[in-house]
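Read top to bottom, the protein sequences are chains A and B. Just so you know, we're using the working numbering here: the first sequence kicks off at 1 and counts up by one. Just so you know, we're using the working numbering here: the second sequence kicks off at 1 and counts up by one.
What the hints contain is simulated information worked out from the structure, not anything from laboratory work. Hints may be right or wrong, so weigh each one.
[Unchecked claim] Calculated lysine to any residue pairs in the SDA-like style (CA-CA distance at most 20 Å, straight line):
#1 B:Lys-115 to A:Lys-306
#2 A:Lys-306 to B:Trp-556
#3 A:Lys-306 to B:Val-566
#4 A:Lys-306 to B:Gly-564
#5 B:Lys-115 to B:Ala-449
#6 A:Lys-306 to B:Val-547
#7 B:Lys-540 to B:Val-182
From a predicted model like this one, the values you see are computed outputs, not experimental measurements.
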Amino acid sequence: MLSALIVIPLLGAILIGLLPRVSSSHAQTGAEVPDYSRAIALLAVTLAIFWSVLLGFKFDTSISHLQFVENMPWIDALGLTYRLGLDGLSLPLLVINALLTWFAIYSTDELLQRPRLYYMLILMLNAGVAGAFLAQDLLLFFLFYEIELIPLYLLIAIWGGAQRGYAATKFLIYTAISGVLILAAFLGLTWLSGASSFGYDPSRSQFLPLATQLILLGTLLIGFGIKIPLVPLHTWLPDAHVEASTPISVLLAGVLLKLGTYGLLRFGLGLFPEAWSVLSPWLAIWAVVSVLYGAFTAIAQSDMKKMVAYSSIAHMGYILLGAAAATPLSILGTVFQMISHGLISALLFLLVGVVHKKTGTRDINILHGLLTPERGLPIIGSLMIVGVMASAGIPGMMGFISEFIIFRGSFPVFPVQTLLCMVGTGLTAVYFLLLVNRSFFGRLPVQFSNLPPVQWSERIPGFLLATMIVFLGLQPSWLVQWTETTTTAMLISYPTIGAVGHSLTQKDKG
Amino acid sequence: MEQFLLQNSWWIPCYGFIGAILTLPWAVGIIRRTGPRPAAYFNLLMTIISLVHGFLVFRITLGEDPQPLVIHWFTAADLDLTLMLDVSSVGMGAVELVTALSLLAQLFALGYMEKDWALARFFALMGFFEGAMSGLALSESLFLSYALLEMLTLSTYLLVGFWYAQPLVVTAARDAFLTKRVGDVLLLMGVVALATLSGTLNFPDLYEWAETAELSPTVSTLLGLALISGPIGKCAQFPLHLWLDEAMEGPNPASILRNSVVVACGAYVLIKLQPILVLSPVASIALIVLGTMTAIGASLVAIAQIDIKRALSHSTSAYLGLVFIAVGTQWTDVALFVLLTHAIAKALLFMSIGSVILTTSSQDITEMGGLWSRMPATSIAFVVGAVGLVGLLPLGGFWALYEGVDTYWYGQPWLVVVLLIVNALSAFNLTRVFRLVFLGPPQPKTRRAPEVPWTMAVPMVALTITTLLVPAILQRLYLLPDWTYINGPAVVLLMLSGAIGFALGATIHLNRTWARPIQTPLKFAQDLLAYDFYVDQLYKVTVVWLVDRVSRLNAWFDRYVLDGAVNFVGLASIFSGESLKYSVSGQSQFYLLTILIGVSILGALLTYLVW
Chain A
1 MLSALIVIPL
11 LGAILIGLLP
21 RVSSSHAQTG
31 AEVPDYSRAI
41 ALLAVTLAIF
51 WSVLLGFKFD
61 TSISHLQFVE
71 NMPWIDALGL
81 TYRLGLDGLS
91 LPLLVINALL
101 TWFAIYSTDE
111 LLQRPRLYYM
121 LILMLNAGVA
131 GAFLAQDLLL
141 FFLFYEIELI
151 PLYLLIAIWG
161 GAQRGYAATK
171 FLIYTAISGV
181 LILAAFLGLT
191 WLSGASSFGY
201 DPSRSQFLPL
211 ATQLILLGTL
221 LIGFGIKIPL
231 VPLHTWLPDA
241 HVEASTPISV
251 LLAGVLLKLG
261 TYGLLRFGLG
271 LFPEAWSVLS
281 PWLAIWAVVS
291 VLYGAFTAIA
301 QSDMKKMVAY
311 SSIAHMGYIL
321 LGAAAATPLS
331 ILGTVFQMIS
341 HGLISALLFL
351 LVGVVHKKTG
361 TRDINILHGL
371 LTPERGLPII
381 GSLMIVGVMA
391 SAGIPGMMGF
401 ISEFIIFRGS
411 FPVFPVQTLL
421 CMVGTGLTAV
431 YFLLLVNRSF
441 FGRLPVQFSN
451 LPPVQWSERI
461 PGFLLATMIV
471 FLGLQPSWLV
481 QWTETTTTAM
491 LISYPTIGAV
501 GHSLTQKDKG
Chain B
1 MEQFLLQNSW
11 WIPCYGFIGA
21 ILTLPWAVGI
31 IRRTGPRPAA
41 YFNLLMTIIS
51 LVHGFLVFRI
61 TLGEDPQPLV
71 IHWFTAADLD
81 LTLMLDVSSV
91 GMGAVELVTA
101 LSLLAQLFAL
111 GYMEKDWALA
121 RFFALMGFFE
131 GAMSGLALSE
141 SLFLSYALLE
151 MLTLSTYLLV
161 GFWYAQPLVV
171 TAARDAFLTK
181 RVGDVLLLMG
191 VVALATLSGT
201 LNFPDLYEWA
211 ETAELSPTVS
221 TLLGLALISG
231 PIGKCAQFPL
241 HLWLDEAMEG
251 PNPASILRNS
261 VVVACGAYVL
271 IKLQPILVLS
281 PVASIALIVL
291 GTMTAIGASL
301 VAIAQIDIKR
311 ALSHSTSAYL
321 GLVFIAVGTQ
331 WTDVALFVLL
341 THAIAKALLF
351 MSIGSVILTT
361 SSQDITEMGG
371 LWSRMPATSI
381 AFVVGAVGLV
391 GLLPLGGFWA
401 LYEGVDTYWY
411 GQPWLVVVLL
421 IVNALSAFNL
431 TRVFRLVFLG
441 PPQPKTRRAP
451 EVPWTMAVPM
461 VALTITTLLV
471 PAILQRLYLL
481 PDWTYINGPA
491 VVLLMLSGAI
501 GFALGATIHL
511 NRTWARPIQT
521 PLKFAQDLLA
531 YDFYVDQLYK
541 VTVVWLVDRV
551 SRLNAWFDRY
561 VLDGAVNFVG
571 LASIFSGESL
581 KYSVSGQSQF
591 YLLTILIGVS
601 ILGALLTYLV
611 W
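All chains should be modelled from the sequences, with the hints used to inform the complete structure.
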C-alpha cells in the first residue's frame, strides 16, 4: 500500500527517462515529437494524490499505532529493514507533499529547457520525501533524507537564477552536514543502546545515561535545526529561495522544510523524551529567538522572495515552540502549523513568481500599484492579500487556527515565551502589509503599464490554494481528526513536562 | 416556525458573508456584461433577509429568557472551542441596529458610488463588514468575538484602502490595519491567557469563573490591560486612535458604518468583557483615564479640523471615550445607551456630509458655504443629526448624556464635568461646521449644488425620521427616566453646556479667507490641535523608529556577520586547500623533510606528555 507512494513517482520518472529525446528547439520548428514529460509527471503525481487521499479515507483515526505497515528485511547484517508505516503525523504531510508537487509541476513554465530531466528530478524528489515521511527505520529515514538532496540540488543549480551555483552549493553543504549529524545521532543511539537493528523504537533511549541522551539529542537538534531552519543555522534558506525557480521554492518551503520539523517531532521528541524535557525550556527560548529574528529581518527586506523566506523562518519557530511545550494540544498545533505553513507559503511563492514573471522584478521598492485593474495584476493582488492575511493569522483562515492551537497549547508551559512568539504574529502583519502596500497599492508606474496579461492557468493554482486555506480555516476539524490520536499517543511516554504545565495551571488557579 | 427561526439564528451573520461571496463574479470580472449593479442588489437582498430574520427572532425573544445557541466548532485534546450565540432581545436588538444601518448605508452607496468602476468590490466588502458586525452582536464567546474583531480589522483595511491608487489612502489603510493589529495581538494574548486560566472562552462561564477567580495582582493587571487593548484599537481611543482620522480617506458609505456601528462593535465587546475586567482595578482605571483623555482631547482636536469628515470622526473618538469611562466605572447601561444614540445620530451626520461631499466634490469646509437653500434635505439631516448627538434638545443624545450625568452625579462628580465639557465642545464643533458648510455666501464649489438623487435622499430622510423618533423608541423600551425621578439640576446643567457650546459656535468669528491666525500662541494651539497633538510624529520617532532600526540592524547582522561568517568558513577552506596544493611539489627531499618534521613534533609531544 504505502510503497506505491514511492513507486508511482519513481515509475513516472523512469518513464520520462525512456522518452525519446526532444530537441530543445522544438518550439521553433514545431514539427518535432511532442514532449510528453510534463503530462506524465502530472499524471504520476495525480495518481499519488489519489492514492494518498485513498489512504486517508482508509486510515483508521481511532488507532494510535502505525497502520498499513510494510516490513521487509533488507540488509540484515547492518540491521537495515525496509519498514514503512503510516500514522497521523505523516499522513497529512504525505498528502501535502503530493499536492504541492502537483502545483509545482502545473505552474512550471512550459517552455522550460531540458524538460525531461526537470520532471524526472521533481518526481524523484517527491518519491524521496514520501519515503522519508513513511520510513519507520532510522537508517531508512536517513537514506531517503539524503536521496532527496540530490534532485533538489540539481533543480536549484540548473534552473535557478543568476547566483544559482553559490546557492545550490550552500544548500548542499548545509544539508549534507545536517544529514551527517542525524546519522551520527542515529548510529550513536543504536550502538550505545546495544540494539541489533535500526528500527524505530521510542523506548530505546531510556536506559542510556542522561548526559549521553543530551549529546545525542543535541546532535539531532542541530541536524534538523539546519533543515527547518532555525536561527542561526538558516542562512542557506534565503539564498536557496531567491535563486530557485518558483515551483522549486514552492516545494522547498512547502514540503522540504517539513522534513526538519517532522524529524524534530518523530526522532527528537519521540526518541529522547527524557532529554527533551530537560532541554525544552532552552528550546522554547530558541523558538522565540527564531521567531523574532526571522520577523525583524523580514521587515528590512526589499526582495519579495527573501521576505517570504524569512517569514518561513519565523513561522517555523512556532513549531519549535509547540514541540518544546509538548502538550497534546501544542503537538497537534505543530502538525497543523506545518500544513498551514505549507499551503500558505506555497501560495505566496506562486504569486511572487507570477509577479516576477510579469514585471521582471521582485523589488518592493520598484513595484507599485499592481492592483490596478485592466493593466495591472488585480486578481493576483487579491490572492496575495488573502495569502498575506492568512500568514498574518487573520481568523477564518488556516494560519490563525494553527497558531492559536500552538499558543493555547504552549501557554500553560511557557507563558513568557509564548507571549513573545505572539509578538511575532504582529510583526508578520507589519512586513507583509508593507509588501502589499508598497507593491500592490498606489499608482502603476509607466514602466509597468504594458504588463503581459495573466493567464487563467496562472491564477488557478492560487485560487485552489486560497480555497483550501480558507476552507481548512473554517473547518479545521477535518484535518485535525487525522492527527489527534497519534499526537496524543506520542506523549504517553512523556509525562514530565505535561505534569509541570499542569501544576502551573493549577497554581495560577490558586 | 418560531423554533426553526430561533435555531437558525446563526444564519443571520452568514447572510452578509453569503452576499459578499455572491458578488465575487462581478468583483473579479468574470461577469462584465451586466455591469456591477447586480452584485449590489444581491447584497441588498441578503441584508434585507437578515433584517427580516433578525426582526422575527427579535419579536420572539422579546420578553423571553435568552436561549444561547451553542455550536461545537472545534474539539481537540483538552481544547473545546464552542461558538456560543446570544439569542436574546439585547443581542438581536444590536443585530437589528447593525443590519438596518447597513441597509441604509448600502442604499446610500448605490447613489454615492454610482460612477465607481469597482462597485461590486465595494459591496462585497460591505457584506463582509455587515456579517462580521452582526456576528459580533450575537457572539457570546470571546473566541468568536476575537475572530470577528480581526475580520473587522481586515475589512476596515480593505475598505479604507478601497481607492488604493491615492497615496494618502495607502498610508491610511496601512495605519488602520497596523494600529488595530497592535490592539488585536494584545487581545489575543489576553484571550490565550484567559483560556488557559479559566479553561473556557464563553462569556457566561467566564463570568462565573471571574466571580471566584483569585489571581495574583500582576497577572490580573496584565490580563485586564491585554483585554482592553483590543477595544482601544477598535474604538480609536488614545493611544491607538490615529487610524480613524486617516481612515476618512475611504469611501463615505463605509465611513457611515465605521463611525457608527464598527466602533460600537469594539465597545460592545468591551461591555461584554466588563465583568472580567472587574478582576483588575488597574484596567478599570486605565479605561477611565484613557476614555477621559480621548473624550476631551478628541473633542478639542475636532474643532481645529477643516476636513469635513475628520471634524466629525474625531467626535466619534470622543463619544467612544465616554463609553470607555462608563465601562470603567462599571455602568454598562450608560455605555450601551450612549452607543445606541450615538450610532444613529452619527450615521445620519455622515450621510449628510456624504451628500455634501458628492455634490461639491470637496471635503474642505473652508471651500463651502450657502448650501442650506440648495440642499434642504441634507441640511435638515445635518441639523437633526447634530441635535440628536448633543445634549440640548430632548433627542437621543440628550437622554444618553443625561443618563451619564445622573449616574455620576453623586459618586464621581468630576466625570460629570468631563461629560459636560465634551457636550459643550461637540455642540461648538457641530455649530461651527454647520455655519461653514450650510450658511454664509456660496463659494465656487457650492454654487451649483443640486440636492442628491433619491437613492441617497431616501436613506437619509429615513434616518432623519428615525433620529427624531429615537425618544419614542426609548420610551417603548422603558429606557427613559420617569418624570417624577428626574434630576432637575442635571438637566439644567446639561442643557446649559449644550447651549453654551452652541452659542459660542454661533458667535465666534469664522473667516474663510484667513484660515491662519497671526498671533503665535493661537497659531501654535491651532497647529497642535489640527495635527492631533503631533501624536503621529511621536510614533514616528518612537515605535516606528525602533522597529525600523531593529529590523535594519537584524538584517545587517544577518547579512554581514552571520552569513559573512559562513562565507568566511567556505573561503577559508577553499583558500587552505588552494595553498596546501603547493606543498605537493614532487621532490622527494621535500617529502622527507615533511615527514622528519612531523615525526619530531610528534616525538616531542609524546615525550612532553609522558614526562
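These are the hints, each one checked on the structure:
no. : hint                   : verdict
1   : B:Lys-115 to A:Lys-306 : 40 Å, violated
2   : A:Lys-306 to B:Trp-556 : 14 Å, holds
3   : A:Lys-306 to B:Val-566 : 18 Å, holds
4   : A:Lys-306 to B:Gly-564 : 17 Å, holds
5   : B:Lys-115 to B:Ala-449 : 18 Å, holds
6   : A:Lys-306 to B:Val-547 : 18 Å, holds
7   : B:Lys-540 to B:Val-182 : 15 Å, holds
Hint 1 alone, counting from the list given before, is not met by this structure.
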